[in-house]
Every structure is written in C-alpha cells, then in structure tokens.
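Chemist: Listed here are the chains, written in short residue letters.
Protein chains: 2
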Amino acid sequence: MPVHTAPTPARKTEAPPRIIIRGAEPVLDGGRYAAKRTVGETLTVSAEVFADGHDVIRAAVRWRAPGKRAWREAPMRHIDAHIDGDTWEGDITVDALGRWSWTIEAWVDALASWRHEIARKLDGGQEDLTSELAEGALLLEAAAERAKPADARILTKSAAEVTDPARTTEQRVAAALAGPVVAAAERAPDRTRSATLEPAVALDADPERARFGSWYELFPRSWGGLRGTAQVVPQLAELGFDVLYLPPVHPIGRKNRKGPNNALTAGPEDPGSPWAIGAAEGGHEALHPELGTLDDFAALVDTCDSHGVDLALDLAFQCSADHPWLTEHPEWFHHRPDGTLKYAENPPKRYQDIYNLHFGCEDWKALWQALLDVTLTWVDRGVRVFRVDNPHTKPLAFWEWMIAEVRGQHPEVIFLAEAFTRQAMMRALGKAGFNQSYTYFTWKNERTELEEYLTELSTEMADYYRPNFFANTPDILHAYLQHGGRPAFEARLVLAATLSPTYGIYSGFEDCENVPVRPGSEEYLDSEKYETKARTLDGPLLPMAAALNRARRAHPALQQLPGLEFMDTANGQLIAYVRRAGRDTVLVVVNVDPHHPQEGLVNVPASSGLPPAFTVRDVLDGGEYHWRLGGNYVRLTPGERQAHVLEVVS
Amino acid sequence: MPVHTAPTPARKTEAPPRIIIRGAEPVLDGGRYAAKRTVGETLTVSAEVFADGHDVIRAAVRWRAPGKRAWREAPMRHIDAHIDGDTWEGDITVDALGRWSWTIEAWVDALASWRHEIARKLDGGQEDLTSELAEGALLLEAAAERAKPADARILTKSAAEVTDPARTTEQRVAAALAGPVVAAAERAPDRTRSATLEPAVALDADPERARFGSWYELFPRSWGGLRGTAQVVPQLAELGFDVLYLPPVHPIGRKNRKGPNNALTAGPEDPGSPWAIGAAEGGHEALHPELGTLDDFAALVDTCDSHGVDLALDLAFQCSADHPWLTEHPEWFHHRPDGTLKYAENPPKRYQDIYNLHFGCEDWKALWQALLDVTLTWVDRGVRVFRVDNPHTKPLAFWEWMIAEVRGQHPEVIFLAEAFTRQAMMRALGKAGFNQSYTYFTWKNERTELEEYLTELSTEMADYYRPNFFANTPDILHAYLQHGGRPAFEARLVLAATLSPTYGIYSGFEDCENVPVRPGSEEYLDSEKYETKARTLDGPLLPMAAALNRARRAHPALQQLPGLEFMDTANGQLIAYVRRAGRDTVLVVVNVDPHHPQEGLVNVPASSGLPPAFTVRDVLDGGEYHWRLGGNYVRLTPGERQAHVLEVVS
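Chains A and B, in that order, give the protein sequences. Heads up: the first sequence begins at 2 in my numbering, then just goes up one per residue. Heads up: the second sequence begins at 2 in my numbering, then just goes up one per residue.
Everything hinted at is true.
As the list makes no split between identical chains, a pair holds if one copy fits it or if it spans any two.
Taking lysine-lysine pairs in the BS3-like style, the calculated list, with each CA pair at most 27 Å apart, reads: (1) Lys343 with Lys158; (2) Lys343 with Lys256; (3) Lys256 with Lys122; (4) Lys445 with Lys350; (5) Lys534 with Lys350; (6) Lys343 with Lys122; (7) Lys350 with Lys122.
Everything labelled a hint here was simulated from the structure, so no lab data went into it.
Build the full structure now, drawing on both the sequences and the hints.
Modeler: This is the structure:
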C-alpha cells in the first residue's frame, strides 16, 4: 500500500489536507516489509512534512503495540537544513515483543501561525492591528473550547485582553504571546484538519538475542550426545557464550550415507551427515537415538536456561532416502518421468544422500503446514532460536508465511538465515522475516573490503538485516585461516566479536584447526560433518574469546551495529575503528596481516566524541595506554599481539 | 499501492510464484506518481528479478498505451554484476501522448534450466543420463504443445531423438541443445507460473516541448499589445526561440494599484502589475482591453503556430481588489472576524493589490472547478503551455487534480511551475504533475555549485523534474549580472542554453539590462512589472542567442538532461562539460569570472567516447581547434570570448 498522504478529503465537505507527509523512513519496499528493532531499543523515524504557504506546522509520531488499539504519541522535531529543511524526526521506543505499527500525523497550527505573523507585523512597525487582534481572539477562544478547564481559563482571559480597547496594541499582542498562554494553547491543538501517513508502517520488536549474542556451534555426537553436551554448558556460559547451536539432531539416513571426507560409500560404523535427515527411527521431529532421548533434550534445555544460554537448533528442510515422508508423502518430492526421485545436486556436485522437498508441488499446502508443525514442535520443546539451512533454495513466500505463523504465536522465537548467495536474495530473506543472517564475513579478510562491507551492513541494510559473523563453519575454513596460523585466528576472532553484535565460532576454531581436505578447498580435512570426534573445550584461544565476550557484555557500543566509524591508520594492513553507543566508546585496532609486524598511526577523529587526551585499557591483556585525538602510534606483531580492543578508562 | 510481487497464489490450488520482482525503477514514491518521458523517448526500466535455487529465469517488460488494452512486450536483459547480479533491464519507447503503464513479468524457464543442467552433467562426466533425458523429452513435448505448428514439429522431433535408444548419450543431448530446437522452445515459453509486478507503474508521455525548448518572455504592453507582439513573432522564430511567454494578459485592478517601483500609490496613467488580476472588464478569462481583443489573441496564436512557436500564458490564481469574484464569490476568499478581506502578505512584505484565494474554503469544490474552467478556456483559445505563478502557495492536491483533469482531455498541454522555495516542495510539484519547473539556476553562479546542482538535476531528479533555466526573470536580476557587465550575461546565456534542454530569457537580457532598484535588491530599477516600456528586439546578445539556439536544434546532446559529464579544468573559474546523446557530442567551456581572463587545461575523459584526437568547431564564431583526449589548453578573456561551445567536426 502506498506510503503517502492520501489526497482524498477526510470529510466529503472538506478540501484535501494541505499537509504533505512524504519519504517516511524506515519504510521497506514501499511498506511491504517491517523494519526491525529489539525490545527496549529506540527507532528514530523521519519524513518530509510540509504544506503550501508559510503556516506553522506541527507533527507527531504515533505508534501502537502489538494487538493494542491505543496509540502512543511523541512530538516530532523539525530538522532545519536550509533548502532541504522540511525533514522531521521523532522517536519510538518499543517495550514489548511482536509487530508494532507507527504513523505520522501533522497539522497546521493556526494560532502559532498567527503569533508568528503578528509578531513580525509589530516588529515591522505596522500600527493598526485591530483586524489581526480580533482574528487572534477568535483563535484563542476556539482553543479555550478544546482545552481542559484550567487552560481554558487562561485562554479565555487572554482572548479578552487581546481585544481590550483599554490596552495599547503592544499590551494586547503581549497578552497573546505570554508564555502560559502559548503553553495552554499548545496543549489544545486543533487537529481536525490533520494529515496522516497511511497506511501505518510495520515495525518488528524482537528479543535482545536477535541483535546481540555470542554463538558456539558443536556437533553433540562429538561431546557425548545430549547429556555430554549439557555438561559443557556451564563452561560455555562462563566463557561468555550466549547461544549453543547444534547441527541437526535427527535420525540420519543409511541409504547412500556419506563416508569420511564426503566419500560416496560409508562403512558400517560411519555416522553420516546430520543434514541427511530421516531414518526408520523418524524424521524432523525425532531425535537420533545415539544422541539421547526427549528427556535428555529437555534436560539440556533446562541446563541451558539455568545458565542463560539459548539453545539453537538447525532447521534443514530436506530428507535422506530413508525419511518417512518419502513413503508417506511421495507427492512432496520431485520425480522424474520414469518415477525416480531427484536427489539434490548442483552439477557437477551431487548430494546423493539428500532429497529436496518440492515446495511448489500440488499438495504444497499440506507440505508447508507439516514444516510449520515441525518448527512448532521444537518450539514446544523449548527451542527459541533456529538456524535455517539454505533458505535461499526454498521459496521466499514460504519463509515469509512460516516465520509470520511462528512469531504470531511466539514472538520470542528468532530465525537465523544460513544463506550464502547473491545480495538480492540475502537481503530479501532479511526483509521476509529472518531475524539474523549469515554474511560474506568469512570471505572479507582485507582492510578495505571489511570497511566497505561493514559500512553497507551498518547503514543502508541495518534496518532489516542483522549480521551473524561466524568466523568459521563446518563448511567454511577460509584460506586465510589455513595459511595464517594462530595469528590469523586471533585476528578473525577479534574482528568477528567487535564488528558485529552477533558472532560465532564452530568448535575447533579455538584449537586453530586449519587443515583443508585438499589444497584450494574450504572444506575441513576429516570433516566432523561425516565423522564423530572426541571434543573437549580447552583450546588455546578460549581465554581470548572469554575476554572478548566479557567486553561485549560490558560495552553497549559492542552490542549494536550502527555507531561504527573507521579510522585512518596510514597502513593498509591495520584496520581500526571506533564503536560508540551513547557515551560508551570502544576502540579496536587489528593487524590483518598474520605474517608480519605492522605499525601505523591510528587517527582518532574528533567525531569520536573523545576528549583531546584519554587513557585506554586493552581488554585482551589489561595493558593501559595514553591516547589522544589525532595520530596514535600502534605496532602489532603476530605471535605477540594481533589486536588492541581498547576501553576508555578516563 | 505496493510495488512488489504479491505472495498470493494466482490460482488457489497453486503455490505462490517463486519469482521475486523487486526494486523496480523508475517508481516514484512507491508508485504514487508517474515518471516522465516525451513522445519518441526511450525509458529503460530495471528491477531485481530472482528466485530460490538455480533455475534459469526470463523476464519481459510490458507496456500499454493510454486508453489501450493490449500490452506491448520486450525481453529484459540480465545485467551481470557479480554478487549484485540480479538486475534486469528493458526498454520502453512511447509513441503517443498521455499516461502509459508498464509492468514486468518473469518466469522460470524449465527447459532452459534443464539444458543448463544436462550440459553441466555431460561435461562433468556423468554417464547415465537416462532419467534426465526422459525428463527433457517431456519438457520438449510440452513446449511443442504450446508452439506454432512449424516449431511444434521441430520440438516433437527433438523429443523423439532425445529418447532414441539407438543414439549415444552425446547425440541425444545434442538433439536437445541444437540451435533450431532452442530457438523454437524460446518462442513457446511456459508462462503459466509467472510473477508480475503489481500494480502496473505509470509513465507520462509529454510532448517534446516539455523537454526541449528556448523561451522568450515579454510584456505585450511594451510591444504594442497583442498585435505588436504578433509582429515580433517571425523574428523570434528566426532567432530560434520556441516558446513566447506572456505575463498575465487580463484586466488589472485599479484599487490599491501599485505605481512605478512598487510604489503604494499609482498615478492615473500607471498601468499596474499584470499579476493584480481582475477589474470591471473581467477576471481570469478576460483580456486587458489595452492589449487587444479575443480576435487579436486568436491572430497571435495563429501567427505563433505558423512560425512553430508555442504561446505560453501565465496562470496566476489570485485576484485584485476589483476582480469580479470578490463580489460574486466572497466565500472564496479569506476574511477576518470583522469581515475585512485579508490581502496577500508575507510580513513585513505586503501585497495590498492582491487577494489570495482560499483553496480550503467550504465552497472549495466550486472554486477548484472555476480555476479548471479558466484553464480550459485558454486551452480552447489555443494555448498549450502554461507558466504557473507561485504554485507552492496553493495546495499540492489542487495541482495534482487540476493538471490531471486538463491533461486527461488535452495531453498536449504542459505546465511550468514557477516555485522558488525549499527542495521538498519543488520536487513535490514535479511529481504532482508539472511538466517543467523553475530552478535555483539564477543563484548558482560558481563552478562547484553549478556542478553539484546539475548532477542532482540530471541524475536522481531527472525522472520527474524537468528544469527550465531562465537566466533572468522580471523578479530576478542576480547580483552576478548587476556587477559582471556583458561578460556575465554571455556566461549565463551559454550556461543556461547548454546545461538545460529548456532555458529562457526575459526581454532586456539581450540588452544586458542590469540596474537594480537599489543596492542589494534583485528587483529591476523601473521594473516593467509596474511600467510600460517601449521594447524592440535588437539587443547585442541576440546573435549569440541565435547561434546557441541553432546549435541546440542541431544537437540531440543539447536536447536532454542526462548525458552530462563535467570535466576537470585545473581552474575553479572555468567550468567545462561534455554533453552526449548517442553519437552526438558537444563540449562546453565557460569562464564564470566576468572580470578576468582565465586559463586552464580542459581534460576530455576517455568516457566521452571521443577518439584520441579530433577537430572541434565553436558554434559561437566558427573557430576550429584540434583537441584530444586528456588536457586541452583554453584561455577565455572577458570582452573577447567568454565561452566555447564546441561541436565535433571529425
């Protein structure tokens, strides 16, 4: 629906509103999608508001909580910027989960226009103001009729004084311009001819976790199943991780099961890929028997809850050859003319252990409902966070529908989109309802490309796309990590944890695991996707992760995406940035070269809001430094120190 | 209405379309307003078009002439740009006046997807393609059913070959990939599951004059009335002017008539301001008796027509104290409580000879209709161009309604907005329907501010805002002209005529008239607004204007706003630019310093499309020069030569 002031008159007998409300922000795709905030956050909305002529205009932003009928309201500010000075801004704060709506109302303030005009006439030396004062008295009397009794008395008295022939013109004008009279009038505006932005604009209020969180990913089969995983939760919590993400926990198909390193055939003991979902034991709603029982799952959820950790499950809507749906609902799958099923492939790559669902099949409604039911089943079992596998290979309309259905009942649930594809689809998934998204971060390892990408994410995309910066995944071991050794892991950990309010690592990262299956591949050698490992939580990078997680919790500046400013360093290998939120400031410098020492001058700009000289403390080792606006010498030597993460002490 | 792909299924039994069409351009304010082109121009539309998965997508732009039901169609091009590579473009050409509409349709090409997939499998060495080939044969047979007989035979034969067990796999694949088979399939696409951009987008096709024209403004009372004005038309046509614009030609009020230099009282012989419209002789539909009769007016229209000149009238919707409407329709005006009428004022400025209409009065419908009738009356009398006085002091909804009403009946009529106010209203008037607009040009006299402003006009605003660069007006004699002498006039004339496809001068400009009413004022001394002059068309700048007008007619590059690129000159006082349209190129260099010689190196960029070395001819004096890509030395000396306007000879 169009976002503009309708020219249709409010009442048939009245002319259309004179006020134009245009270019409201944030409005996504003409109002088709909702912008995102988290509960407690403020949204500043803006619009051009103007009318013909020179009258004084007032504007208010109005907003409404999910399911409520009453509108809240706050005055908007006129942002003066010379010839472009028709921009108004107002602030909304959302304090409940779910879909809010907001609009803008604007009106001509005839009494303020009159005050403005008569003051200028008096200044201009016009002597006879009788007609003008009579007009003012009428406006004051009209205001008195709208006002509450105390204000009405003030306004009526003023109207009498304004027309009192015993007073001088100056006195009569003064009677209308007196502070209490103006204040009383402002409390009783005439909004009968106001214009309203229509229709109202949607705004989704998500839980804080949608914006801010530190993720840890592990395969539970490598940690002793669900029970063993529960045992590691307290340590993860102590390390400052907020979300524990598990790849699919369902039965794994046996037919065409993949062996180690994606081998086409599996040995009898090979566990297969957790993404080949479904076996005789059940499908997407079942647990893999070797991981544990539903009671074990409930216990894991409880343990997570009691340690303030969210459990995130994988939603991978695809089936192994043994999934019950293949026999129960063959109509939900792609068939060839000869009746054979089409397995997943992206030629020449073939995924013989996986069959895609046919989202556009004739029975699509039942299929879509079944997938919603799967999701709601896990919500009922206590899951509040879903990492969605390959959403870009399923119809966008499906996600928009399913996420709206789940969040309509459970607005606390959040969905992370694991899409690695072109920008248009990445952005579209964010708009369609995903609360977080994977990004191109793993492939941005140089200073300039990080600066470009983060600027895009923190400005134009920020209203609908929340990045989750995973430093590695079971599928992505970037060449930078393969060849950079521990300094590369340190650089990436600091970048992930300080560039994005949400970041994550997949286990093995803290051990600096960096051997690819073959040169040129981003796949791990002996990938955990096809094998069970014996994992323990004791890698050498954990202290650094813990220090970063502590700093992230202590500093609001690290909990939001906007408020990011890159700093010049006079060295292309040194990236530096200021993060700000209110008065909280964190400065970060990272040597992105894992092989050589790099030195430079970090130029702290006056726009950082910092004083001319100040003391900073490095959250990574407690070291203190005296810094100042302008250039600050920094040298970062791989093996000794890869980064500074500096909080301002004084 | 929202411009996006609706997720609602086309038929109830089908899943929603998988194709997403998003971010279509040019779409103004979410589809609320129409972009503008002129008849014969091409509009390139674009959008992001994409779907889940890896299927081959096709897209077409479809467009429809005003009042027609049939859609025309052209294929869209996929613009590949790496990760942002989901942009498609297509071209529309409009060949009739009025409001067109366009949309985009996109669909998955299953057969092309299959061809792509099977080719990759063959390349990848997959040996058993039996299932795949059977699938392809089905798709070919389905295409045959959609195709015309000749194509159907080709497709059916191919389907048979694809499944022929006597052939090798390579031969069978080749049978599907053969050129004639592909071509036949492309002619019979399956668009039953296509997605369409909804609703269709509006596009206004205006007459060429809305985009391109040279205007001359004169007060007919200074030229012997309508008859005298008609006598000067042949000379104006010979000088290359396309539009003759007359300030209001109606009876002028006597009460509160202004005297020379805006004096509060007029002498008995003072003619008054033509903008104080209305007297005993009539109002907006009447002619001032001293200018001539309706027959004289008809004769003037005929003279203009026969010389290819458009006559432009002024629409100033305001009334003198003697306008018949004040007595016939007092309800159309603002009254004070004591019954007095409010004259126009912008304190401390007072326009005692003018009363504003109350567009929001109770009887607004009758008032609006009366103003429409005034306009249509002059259309009936042969006027096709209206210069609208101060549209920003009347409601935007009024203009939107009125212009749509006029152009619904007479799409050949164009309206020029004379608004000098803040950007938001200037832009809004363009969107609301004005075909051309006055600009800030007279106040942009320095190189950098001209470059900034022209960039804005020729890019982001170009779809809805057509500038008309008047170098002066009866109200605006800029200080630059007051102090710069003839060189300043030359500079401004060249800039106006070569920076904007539509430009104009108000008579006196060609005589370098430059005396203000007082220091610091932009008003003329002894302004023609309040006095009758004895004008003749013989000013010293006319030869330059004629040369510029000839060049403007000869060069498509000077007839459109886009295709503008500024060039470096290594001198802040030398502005230089390339104008291009197709293969036509014009280079312009202007010394904006009217007092001193300026020299520099005009750096012709490779992006100009010009060869490494070329010959140019100056349209102002015929001088020829050898230029090249890179730096070209230029020296411009006030009094000798203020500018180069260079056409490329070879």
